[in-house]
Amino acid sequence: MSSQAQKKKKRYFKLINQIPRQELFSPGHGLCAGCTAGTIVRHLLKAAGPNTIVVNATGCVEVSTTTYPYTSWRVPWLHLAFENAAAAASGVETAIKVLQRKGVIDPNKKINIVVLGGDGGTYDIGFQALSGMLERGHNVMYVLYDNEAYMNTGIQRSGSTPLFAWTTTTPAGKVWRGERRPKKPIAEIVAAHRVPYVATTNPAYPLDMLNKFKRGLIVEGPTFVHVLQPCPTGWRFDPRYGIKIARLATETGMWVNWELDHGEFDVTVPVPRRKHVKHYLRMQGRFKHLTEEEIEEIQKWVDQEVERINKMVGRQVIGPVEE
Amino acid sequence: MAAEEKLPAWNEIPPGGIIIEPGNAEERYTGDWRVFRPVINQDKCIRCLLCWVYCPDSVFHIVDEEYVTSKGRKYSFSLKIDYDHCKGCGICVEECPVNAIDFVEEVK
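Sequence lines, in order, name chains A and B. According to the working numbering, the stretch in the first sequence is residues 1 to 323, in order. According to the working numbering, the stretch in the second sequence is residues 1001 to 1108, in order.
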């Protein structure tokens, strides 16, 4: 990365004290205890502020935050089906543009439009709408909270389920050893649409996450933020370890916090010495059937990914395995 | 909603069944899900706000309440837990860097 680009890179929040205190996501929602989606949505709304319209695809967050007659949202909120959240957000954005042109809404008022989709609604079902939205270039931020299966309907596999993970539709036994394919690189698929801003982040690094949300809202045009969301119910771990597992995902190299800002690729959370993936896998019940060889296979896959990322950045941002 | 409360008739609810009161989920008390209760040890707490940051249920409230620790350190604010909504997941207990949050079993 050139020094000029480094200077251009903005950090909107540098300290935890600078995080806005206003809570636009009220407690009392029905998310499972320890569900990190609550943390993600809180920070999303802190970054976006009250002038925001949230377009929510069907998913855990949608069903659990708006159990009639209650809602957790203190911003305008729209519920949509799995497949059309991005398409509806395109419509909302265009409608606001027209109303601003006609003078119904103050043309100088900045209204953020955020789509919130789960991995099922983004990787599999809602992908054509997302691709269309990116192609048409609407000024919308798409936030994908990725819990790596259809958790809301009972832990069925999705395109996001990682290699060898147990789900109810990829059982772990003698023939099937959990999911057979590695995760689909959705953020890179989105980046291939040549959109101005794509980032991946994770709730264990709240300032990184907030800065990426803020950057995604400030950049004109379609932006995409991919957030890892540990799910205590589907990943089979004690609710208290949600953030710890999210942090381990980055520390082991299973998850890389990167951003692609107008063609400048950078890893925002460098890991000088990475841990072995077994630390991440052994904490979760969905990987408890794994043998040593299978763990090594995952480690090999992670090594390849890390090597590819290092090559993309042009220096060693993620170091070798410790021990 | 309590069972004895009278439900609104079809012509009393807003068109489309929309919810017109933002954030009214606060009236739902999810605190009764809890098995273990996080209790802040105000003396040990260094006010790093990490519990407030990581809490998925936004139950930590930053209150303007001065506190002087036994070692003489003065803080201008304190943290309070809203037990009406805390689900007792324990993320704060796990993430506290100085182990200032105790996890005690609910006894009623």
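No lab work stands behind these hints, which were simulated from the structure alone. All C-beta atoms in this analysis are idealised placements derived from N, C-alpha and C, irrespective of residue type, glycine included. Among these hints, one or two may not hold up.
[Unchecked claim] Calculated cross-link-like contacts (lysine-lysine; reagent style BS3-like; alpha-carbon spacing at most 25 Å):
(1) A/244 / B/1071
(2) B/1080 / A/244
(3) A/110 / A/97
(4) A/10 / A/174
(5) A/244 / A/14
(6) A/109 / A/244
[Said to hold, decoys possible] From chain A, some residues computed to sit far from chain B (all C-beta separations above 12 Å):
(7) 28
(8) 31
(9) 46
(10) 69
(11) 88
(12) 177
(13) 307
(14) 310
Problem - Unsatisfied constraints (hint numbers, rising) - result: 1, 4, 6, 7, 8, 9 and 10
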